[in-house]
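Trainee: Chains V and C, in that order, are what the protein sequence lines are.
Be aware that the first sequence starts at 1, since it is given in the working numbering, and climbs by one per residue.
Be aware that the second sequence starts at 1, since it is given in the working numbering, and climbs by one per residue.
Simulated from the structure, these hints should not be mistaken for laboratory data.
Accuracy of the hints is not assured; some may be wrong.
No distinction is drawn between identical chains; accordingly, a pair holds when it is met within one copy or between any pair of copies.
[To be verified] Simulated crosslink set (BS3-like; lysine-lysine; CA at most 30 Å straight-line):
#1 LYS169 - LYS154
#2 LYS446 - LYS459
#3 LYS421 - LYS591
#4 LYS252 - LYS216
#5 LYS170 - LYS599
#6 LYS514 - LYS262
#7 LYS459 - LYS19
#8 LYS514 - LYS587
#9 LYS570 - LYS283
#10 LYS570 - LYS591
#11 LYS262 - LYS645
#12 LYS351 - LYS591
#13 LYS216 - LYS170
#14 LYS283 - LYS351
#15 LYS249 - LYS154
#16 LYS632 - LYS229
#17 LYS599 - LYS351
#18 LYS645 - LYS229
#19 LYS283 - LYS637
#20 LYS481 - LYS229
There are 2 protein chains.
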Amino acid sequence: MNNKIKVKFPDGSEKEFDKGITALDIARQISNRLADEALVAKINGEVRDLAAKLDDDSELKLLTFDDPDGQHTYWHSTSHLMAHAIQSIYPEAKFGVGPAIENGFYYDVDIDVKLSEEDLPKIEQRMLEIAKQGNPFKRAELSKHEAYEFFKKKGDPYKQEIITELDEKKDVISIYEEGGFTDLCTGPHIPDTSKIKFVKLLSVSGSYWRGDEKNKQLQRIYGISFPKKKMLDDYLTLLEEAKKRDHRKLGKELELFLISPKIGIGLPIWLPKGTVLRDTLEKFLREEQLKRGYLPVVTPHIGNIELYKTSGHYPYYKESQFPTLKLEDGHEEYLLKPMNCPHHFQIYASKPRSYRDLPIRIAEFGTVYRYEKSGELNGLTRVRSFAVDDSHIFVRQDQLKDEVCNVIELIQVVFSVMGFKDFTTQLSFRDENVEKYGGEIELWEKAQQEIREAADLMKLNYIVAEGEAAFYGPKIDFMVKDALGRKWQLGTVQIDYVMPERFNLEYTGSDGQKHRPVVIHRAPFGSLERFIGVLIEHYAGYFPTWLAPVQAVVIPVSQNFFDYAENVHKLLLESNIRSELDLRSEKVGYKIRDWETQKVPYMLIVGEKEKETGTVSVRQHKAGDKGNILLKDFISKINLEIVNKVNHN
Amino acid sequence: MNNKIKVKFPDGSEKEFDKGITALDIARQISNRLADEALVAKINGEVRDLAAKLDDDSELKLLTFDDPDGQHTYWHSTSHLMAHAIQSIYPEAKFGVGPAIENGFYYDVDIDVKLSEEDLPKIEQRMLEIAKQGNPFKRAELSKHEAYEFFKKKGDPYKQEIITELDEKKDVISIYEEGGFTDLCTGPHIPDTSKIKFVKLLSVSGSYWRGDEKNKQLQRIYGISFPKKKMLDDYLTLLEEAKKRDHRKLGKELELFLISPKIGIGLPIWLPKGTVLRDTLEKFLREEQLKRGYLPVVTPHIGNIELYKTSGHYPYYKESQFPTLKLEDGHEEYLLKPMNCPHHFQIYASKPRSYRDLPIRIAEFGTVYRYEKSGELNGLTRVRSFAVDDSHIFVRQDQLKDEVCNVIELIQVVFSVMGFKDFTTQLSFRDENVEKYGGEIELWEKAQQEIREAADLMKLNYIVAEGEAAFYGPKIDFMVKDALGRKWQLGTVQIDYVMPERFNLEYTGSDGQKHRPVVIHRAPFGSLERFIGVLIEHYAGYFPTWLAPVQAVVIPVSQNFFDYAENVHKLLLESNIRSELDLRSEKVGYKIRDWETQKVPYMLIVGEKEKETGTVSVRQHKAGDKGNILLKDFISKINLEIVNKVNHN
């Protein structure tokens with residue numbers, strides 16, 4: 001009988017240990033520092049407690065706070081710690097759920113006092129006191145009945161409810177305890193509370209139990225924690241900066257868009273300045289698409305319900321759609337279009353197509369309507385109406401790779417112009433073991449191979465996610481990082497083998513036979529609304545000159561120079577520069593400060609000297625005073641900046 | 001006792017006649033020719049039979065076929081004649097109604113045989129035979145009871161139904177008889193059937209009695225008639241030409257738009273070539289508007305039902321709207337927007353406005369949705385979704401006249417660019433004696449005065465129509481004549497005193513007090529769909545080069561010149577000319593004929609000589625061969641034509 005096991009590490013090295021050794025012990029054998037920093041262990045691909053024992057040959061990775069899984073566990077453990085602290089302050093507290101989230105964690109609690117932000121430091125304080133006790137997180141396993149009785153005794157009706165509704169087959173339930181506080185939890189957790197050094201509770205808000213308005217409203221407390229002070233400080237600075245850049249706030253200050261409950265929540269209205277932004281972006285993409293052979297079309301915003309029954313989107317996505325429009329005669333029923341595809345398919349099908357005609361690239365900035373719950377709406381990033389920079393490209397299978405390259409190239413141009421230097425790509429492929437996918441397996445395999453080749457060819461920085469494909473085909477998703485390093489999912493490219501079948505789309509091949517085209521759905525912006533929301537935050541409202549709603553403002557130093565200022569303004573307009581003229585009877589200093597808040601790229605101050613010499617004194621946003629230059633030179637300079645879409649960020 | 005009366009003629013002259021003289025006798029005294037050509041008389045503004053007696057001093061105008069009222073009566077009398085002929089062929093025939101219409105007349109008849117176009121010449125023939133008899137149209141007046149009994153005896157149940165439903169107070173009912181055929185009719189009529197010389201019955205179709213699907217379907221026969229053969233010939237030629245220009249036919253042949261029942265009837269889908277047309281028109285107007293200080297916005301296609309309750313459009317225009325979208329929670333109800341105004345009002349109201357900010361010109365190419373009955377839909381001219389080139393201009397009362405002038409000037413530019421040389425304007429004012437209008441009378445008076453001054457200033461060819469104003473203010477409607485002389489109502493300008501009140505719109509005046517702005521609703525195109533429908537017929541699909549979806553096509557004479565043709569095509573595209581390249585393996589003659597049917601302005605034929613000399617052989621649509629010119633000269637020439645929007649029609 002062999003009492004040794006072999007453990008393989010991420011660097012490929014292997015080492016023998018006694019059977020039954022814990023991950024923590026292995027960490028200690030490697031180095032004290034690693035033992036100190038390790039939070040959890042990935043054993044054969046599964047994230048587990050450091051106390052977990054290794055009984056067989058295994059692959060092992062020790063995870064610190066640098067690893068996303070390490071972070072996630074850290075925050076999850078902190079949410080237990082917060083619940084512990086709350087219970088010690090409010091002994092009657094009952095607990096809902098308390099997960100880790102993308103940044104930090106929350107816990108939903110049921111206590112009689114209404115908490116405000118002022119109550120949070122007290123809880124934070126108590127958390128740090130408990131953390132210092134260094135209580136180990138201890139896992140135990142109970143039968144379902146035992147667990148139910150435990151939480152009944154503890155007085156946690158929400159936990160009881162969760163246990164009752166667990167899968168019947170599951171009869172072993174895990175709980176975690178630290179310092180006397182026990183929670184229902186699948187784990188894993190960090191070794192002990194002393195790892196939690198710096199905590200910030202961020203906000204408290206109402207939250208219905210299980211998101212259902214019919215249930216009791218609990219209080220949800222959000223927080224975050226870090227092992228180092230600098231990490232917390234950096235995060236709080238980022239939060240502060242993000243608040244300043246909040247597109248809802250800037251959208252209002254810069255008069256870009258409006259959401260009026262009188263018209264409807266989640267339905268953005270583009271004000272004149274926001275419309276300039278929107279039209280400029282649309283024009284830019286429209287021109288890039290024209291160069292690449294796209295064919296713009298315009299289709300109505302409603303469609304017969306049968307279209308969506310054919311596509312399979314109705315009634316399966318009914319929850320996220322507006323109700324249908326049923327005409328009184330009962331024969332006609334329409335849906336506000338939740339996507340543009342079925343309309344574009346009708347255009348493709350409106351005449352016979354030959355193999356020589358493909359690829360056909362139908363494009364539309366088509367506004368679609370989806371029903372989102374009012375609680376989920378958020379500025380421009382979560383809305384009920386949005387314009388997709390949509391295109392459906394109909395190709396032969398043998399054209400797929402080239403066309404995917406073309407699409408990737410366009411998306412690269414778009415991101416580069418916007419200054420998104422850092423973006424990553426996910427190739428979402430089928431899961432070999434699952435059978436939910438449509439279309440022939442051979443075509444999928446070939447398409448995935450070609451997507452991968454296209455991604456390599458286009459030098460994409462990509463990861464492959466097996467099992468993340470849509471049911472109708474593999475896809476490519478693009479994630480950009482904004483100026484604050486936050487990630488946003490924007491563009492998408494999807495290959496579709498199913499819809500051409502459902503809509504009976506055909507072309508005549510060189511063999512004279514009918515064939516099905518493959519459809520590529522693609523949208524570099526994704527949604528124009530969401531894209532602009534992200535841009536506002538990315539640029540902090542300080543748009544590059546080519547996008548800025550107002551590109552220059554002319555400010556005379558006194559009434560004596562109104563005529564010259566008017567001339568300058570007129571010349572700018574004639575040179576297609578979006579200029580404004582400020583003839584208010586205010587001091588120049590006041591005007592400058594005022595236009596600074598409007599983040600206008602250029603202010604042109606004009607007085608005696610400028611009038612005499614045909615010049616303007618240029619003040620550039622952020623860069624400050626740029627001196628006195630000839631008006632015609634300024635016009636050349638700004639026009640060059642606009643034509644080249646210079647990105648100053 | 002004076003037996004003489006004084007009669008005043010249109011030229012202002014007056015003459016005495018014996019009391020009781022008929023209009024026809026007066027015509028005879030003036031000239032035999034007039035007596036021969038006169039059809040009806042306008043006596044003190046009322047159109048009456050020539051047999052009508054003049055018992056008092058009167059104004060008299062004798063109307064011939066040149067006068068619209070003369071024509072209308074002529075066609076009305078012809079419809080009686082047709083009924084007479086039908087009865088003599090189908091004695092069991094029962095008659096519905098038979099009015100004159102804009103061009104000709106129709107009669108709804110109930111006979112057991114189903115008529116086809118082949119049956120019409122027989123009826124025409126019979127009509128001409130009866131016409132030659134020169135039967136006088138004789139008027140008689142009966143009591144309601146007598147009339148009912150008369151048509152009961154004749155066996156005309158539809159006429160009986162009409163009599164039964166006549167206003168109770170009306171007890172004298174007129175009938176007209178000619179040659180033994182009697183019809184229920186208020187008249188007037190022409191003197192006798194011999195005036196009807198040339199008749200053409202045009203079509204027969206089903207028509208439910210009183211337009212109600214629940215009633216019996218009658219057969220509606222359309223026809224037209226003229227006193228001179230040339231008039232009929234000209235009209236039939238016009239009909240033939242109109243058929244060729246039918247925008248539904250051309251829309252399909254030129255691949256401009258599509259109406260797919262799968263998406264929905266009345267919902268036009270713009271195909272790539274139609275989208276070029278649409279985008280080019282939109283771009284043109286957008287640029288003209290930018291120069292004039294308009295501010296583009298974008299608003300959603302639905303709006304909370306409360307907006308339309310405030311405006312008064314719901315539930316009063318419910319019949320012409322799609323059903324509402326009622327969310328399941330019952331709190332929110334939306335309407336597909338039937339107009340853009342309430343959305344634009346919310347934009348105006350989104351911030352405080354000062355007297356210095358006005359005028360504010362909010363503009364949007366906003367797609368609106370109206371419910372038209374399926375039977376009323378027609379190509380692009382009667383649809384359920386259409387984009388209005390909408391603007392709402394918010395002005396102070398003292399800015400109204402100037403702004404109306406600005407709007408008229410823009411509409412004049414639009415019409416002139418399109419080549420609508422001949423357009424008329426109607427100033428629709430309030431009826432002094434009716435009280436349905438909103439707003440203060442003094443403001444109306446002032447506005448009407450200013451509209452008239454603006455119309456004079458802008459040298460409009462206008463008529464004033466009292467009582468034709470909208471309930472919220474006076475308006476100006478523009479009617480264009482197309483290339484076939486047909487009239488279309490396009491642009492509109494409406495002054496609105498009521499909506500600013502209902503939506504509580506305000507600005508702060510120079511006096512520091514709140515005031516209401518006046519709103520001008522205006523749309524030079526009216527509806528983009530309808531406008532393009534009219535343009536297609538106006539140009540017969542042969543669009544001026546700046547609008548043409550394909551501006552030039554390059555045709556190599558053989559495969560040897562494919563490379564040169566490709567170069568030419570590439571250079572055209574780089575010069576922003578919408579070029580196509582025809583590399584099909586067809587004969588040049590075939591290709592030329594094919595592109596002729598596509599009505600492409602320029603074909604560039606290239607072969608040996610062209611390749612050697614860097615030229616193209618230009619073939620212009622309709623104009624034919626324009627000889628061999630240097631490619632760069634052709635590019636300059638076509639670009640000049642595009643920039644100047646040259647109208648060749």
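Trainee: Next, verify each hint and record whether it holds.
Mentor: Okay, the hints, checked on the actual structure:
Taking the shortest Cα distances, LYS169 and LYS154 sit within 30 Å of each other inside one copy (25 Å), while across copies they are farther apart (88 Å). Proximity of LYS446 and LYS459 under a CA criterion of 30 Å is satisfied intra-copy only: 20 Å inside one chain copy versus 70 Å between copies. When the C-alpha separation of LYS421 and LYS591 is checked against a cutoff of 30 Å, the pair qualifies neither within a copy, at 35 Å, nor between copies, at 49 Å. For a Cα distance limit of 30 Å, the shortest separation of LYS252 from LYS216 qualifies neither inside one copy, at 34 Å, nor across copies, at 60 Å.
For a Cα distance limit of 30 Å, the shortest separation of LYS170 from LYS599 qualifies neither inside one copy, at 59 Å, nor across copies, at 74 Å. With identical chains, the CA atoms of LYS514 and LYS262 are at most 30 Å apart between copies only, with a shortest distance of 22 Å across copies and 52 Å within one. Taking the closest pair of Cα atoms, LYS459 and LYS19 never come within 30 Å of each other, the shortest separation being 45 Å inside a single copy and 102 Å across copies. Only between protomers do LYS514 and LYS587 lie at most 30 Å apart by alpha-carbon distance; the minimum there is 27 Å, versus 74 Å within a single protomer.
In this assembly of identical chains, LYS570 and LYS283 lie within 30 Å of each other by CA distance both inside one copy and across copies; the values are 24 Å within and 22 Å between. In this assembly of identical chains, LYS570 and LYS591 lie within 30 Å of each other by CA distance solely inside one copy; the values are 20 Å within and 50 Å between copies. In this assembly of identical chains, LYS262 and LYS645 lie within 30 Å of each other by CA distance neither inside one copy nor across copies; the values are 37 Å within and 42 Å between. When the C-alpha separation of LYS351 and LYS591 is checked against a cutoff of 30 Å, the pair qualifies only between copies, where the shortest distance is 20 Å, while the shortest distance within a copy is 60 Å.
For a Cα distance limit of 30 Å, the shortest separation of LYS216 from LYS170 inside one copy, 28 Å, qualifies, whereas the shortest one across copies, 71 Å, does not. With identical chains, the CA atoms of LYS283 and LYS351 are at most 30 Å apart both within one copy (29 Å) and between copies (29 Å). In this assembly of identical chains, LYS249 and LYS154 lie within 30 Å of each other by CA distance neither inside one copy nor across copies; the values are 45 Å within and 79 Å between. Taking the shortest alpha-carbon separations for LYS632 and LYS229, neither the intra-copy value of 53 Å nor the inter-copy value of 70 Å comes in at or below 30 Å.
With identical chains, the CA atoms of LYS599 and LYS351 are at most 30 Å apart between copies only, with a shortest distance of 19 Å across copies and 50 Å within one. Neither within a single protomer nor between protomers do LYS645 and LYS229 lie at most 30 Å apart by alpha-carbon distance, with minima of 40 Å and 68 Å respectively. In the homo-oligomer, the alpha carbons of LYS283 and LYS637 lie at most 30 Å apart both inside one protomer (22 Å) and across protomers (27 Å), since each shortest distance falls under that limit. For the identical chains of this complex, LYS481 and LYS229 are intra-copy neighbours only, at 24 Å inside a copy versus 79 Å across copies, given an alpha-carbon limit of 30 Å.
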